[in-house]
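Asks: Here's the letter readout for the chains.
There are 2 protein chains.
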Amino acid sequence: MRVLITGAAGMVGRKLIARLAKDGQLRGRKISALELHDIVAPEAPAMPGVDVSLHTGDLAAPGATASLLAARPDVIFHLAGIVSGEAEANFDLGYRVNLDGTRALFDAVRLAGFAPRLVFTSSIAVFGAPFPDVIPDDFHPTPLTSYGTQKQMSEALLADYTRRGFFDGIGIRLPTICVRPGKPNKAASGFFSGIIREPLAGQEAILPVPRSVLHTHASPRSAVNFLIHAAEIDGAVVGPRRNLTMPGVAVTVGEQIEALERVAGSNVAKLIREQPDDTIWAIVKGWPTRFEAKRSRELGFAAETSFDEIIRAHIEDELDNKLAG
Amino acid sequence: MRVLITGAAGMVGRKLIARLAKDGQLRGRKISALELHDIVAPEAPAMPGVDVSLHTGDLAAPGATASLLAARPDVIFHLAGIVSGEAEANFDLGYRVNLDGTRALFDAVRLAGFAPRLVFTSSIAVFGAPFPDVIPDDFHPTPLTSYGTQKQMSEALLADYTRRGFFDGIGIRLPTICVRPGKPNKAASGFFSGIIREPLAGQEAILPVPRSVLHTHASPRSAVNFLIHAAEIDGAVVGPRRNLTMPGVAVTVGEQIEALERVAGSNVAKLIREQPDDTIWAIVKGWPTRFEAKRSRELGFAAETSFDEIIRAHIEDELDNKLAG
Chain U
1 MRVLITGAAG
11 MVGRKLIARL
21 AKDGQLRGRK
31 ISALELHDIV
41 APEAPAMPGV
51 DVSLHTGDLA
61 APGATASLLA
71 ARPDVIFHLA
81 GIVSGEAEAN
91 FDLGYRVNLD
101 GTRALFDAVR
111 LAGFAPRLVF
121 TSSIAVFGAP
131 FPDVIPDDFH
141 PTPLTSYGTQ
151 KQMSEALLAD
161 YTRRGFFDGI
171 GIRLPTICVR
181 PGKPNKAASG
191 FFSGIIREPL
201 AGQEAILPVP
211 RSVLHTHASP
221 RSAVNFLIHA
231 AEIDGAVVGP
241 RRNLTMPGVA
251 VTVGEQIEAL
261 ERVAGSNVAK
271 LIREQPDDTI
281 WAIVKGWPTR
291 FEAKRSRELG
301 FAAETSFDEI
311 IRAHIEDELD
321 NKLAG
Chain P
1 MRVLITGAAG
11 MVGRKLIARL
21 AKDGQLRGRK
31 ISALELHDIV
41 APEAPAMPGV
51 DVSLHTGDLA
61 APGATASLLA
71 ARPDVIFHLA
81 GIVSGEAEAN
91 FDLGYRVNLD
101 GTRALFDAVR
111 LAGFAPRLVF
121 TSSIAVFGAP
131 FPDVIPDDFH
141 PTPLTSYGTQ
151 KQMSEALLAD
161 YTRRGFFDGI
171 GIRLPTICVR
181 PGKPNKAASG
191 FFSGIIREPL
201 AGQEAILPVP
211 RSVLHTHASP
221 RSAVNFLIHA
231 AEIDGAVVGP
241 RRNLTMPGVA
251 VTVGEQIEAL
261 ERVAGSNVAK
271 LIREQPDDTI
281 WAIVKGWPTR
291 FEAKRSRELG
301 FAAETSFDEI
311 IRAHIEDELD
321 NKLAG
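Which chain is which? The protein sequence lines are U and P, in order.
Using the UniProt record's numbering, count along the first sequence one by one with no gaps and you end on 325.
Using the UniProt record's numbering, count along the second sequence one by one with no gaps and you end on 325.
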């Protein structure tokens, strides 16, 4: 089993690599080679007996993708991309990385002719307001960002290239990943993780939106589970509609805070300070709320079932199972 | 008023040019210049006092789009594209013409910075089976052809470029255009027009599918009306969702034939010979049937209301209002 991962230096990439290193296998076969690519050098995992290669560069540059495919990977995880805020701020870079880079990889696979399983991380950003109360699987994508547009176009390519037999693609639309480990970032969605992560570390966190905001979350651990399941699922069972909205936990911010109180106590939850920010609120208002995700659940993709579980996953995976204070 | 038309040598392009020549105006302003582009030389209409320029070439070729925009057209009709069958048979050509050509034009407009109205002809081929009984406006596009995929990706670009203010785009998803004038072609959809056009000309026509097949049609005259309305409509009223499913007449093949009997008599309708073709039937089975098209109707896009009207439009526009025999 030879595996290629693009975006290997990112948060999800690193967690996927750690999981593959722990499992040692994928699709029931021992992993023999791991090709890791990113725009910056990815970290090589300790995997004795596995041929690990590191690649750096811009996927959209001419010829960049050919060397990645020389070893004919059985499974490709295409995670590479720049985030929403960056793609909105830099129009050319967003289309170059998120669309042209993806198309270059897809075309290289097409021309190589060995038709591997290809798992692509799309996003719920392909959807844009206004929404029904529950967003069904057959709701139309009308993104309100260039990032969402690039993901939507990549999904369309993935479906057509799969239909044509160039590869066996599965696109997974990730909900907001929460609790994101690491430092606070400037993403508009940052507070969803911040109001959990900072208080658990004994620090104050800012809540810039009303407690009534409803949003769908899955843990980093679930994101990795989605990727593994997408790599292993029988394509014939999925059928021709290859882009799937992943399940998650739909909760209001108020319910997030109640879960934090239950899991870590009210002294921790008190570290959240409400400080309304109209700019963030204006962005968040256009985001999707609750998804049906019926198809993905039926296909065996599973997320947490409560926000308490999402907080506990963070405490186990990032805090060595210990609470601060 | 300066107007640019790509795909000017095609059937819809020629009819649009004839209409503009007749009206002499668009958006309430006298037409002063007409730039016509196609891969083959378009025909110059007789428009005294109008500066008509003809351009030929491949929109996706480097630099090809810049000269088209030198005169800063107020309205661009982007009709250029290769048809479904050709895009399916020739993968590279389809993506080059239908996606790269469109993106090249859109980017040239973006870089020119004058933000014209841009009307793009998309297609109901962005939708793929299975369908609900009536396909709602917010149904997800899951094309089953590379052509449909290219149209879907172009729609996504149009929406994002409009949101960013690069141009003021309207995408119109055309239903099957019927009755197509001219000779029979090898398109799988050809029979929808053939079973009307050939009998009206006193010739036999083959019906390769069951009479129960339900499909949505609009006349070439309606297609031109859609284009003109899309050029003139207030973008603010349309809002951010810029790709619109056009209205049409949803009828079964049996109802088409009954309409032909009513309009032209049973001796004409008797020229239709049923000769089932499993290959065509397999393709047609995956096609969309009936659309709600609520938004486009509310926005003032109007098609025929009966198939009788569609046949009469053909007799008026193509047969000098005369029946054969």
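Among the clues, some could well be false.
Treat identical chains as interchangeable: a pair holds within one or across any two.
[Claimed, not checked] SDA-like cross-link-like pairs, simulated, lysine to any residue; straight-line CA separation at most 20 Å:
(1) Lys15 / Ala44
(2) Lys22 / Asp320
(3) Lys186 / Ala250
(4) Lys186 / Ala46
(5) Lys294 / Pro132
Quick caveat, the hints were computed from the structure, so don't treat them as lab data.
Asks: Give me the numbers of the hints this structure contradicts, sorted from smallest to largest.
Replies: 3 and 4
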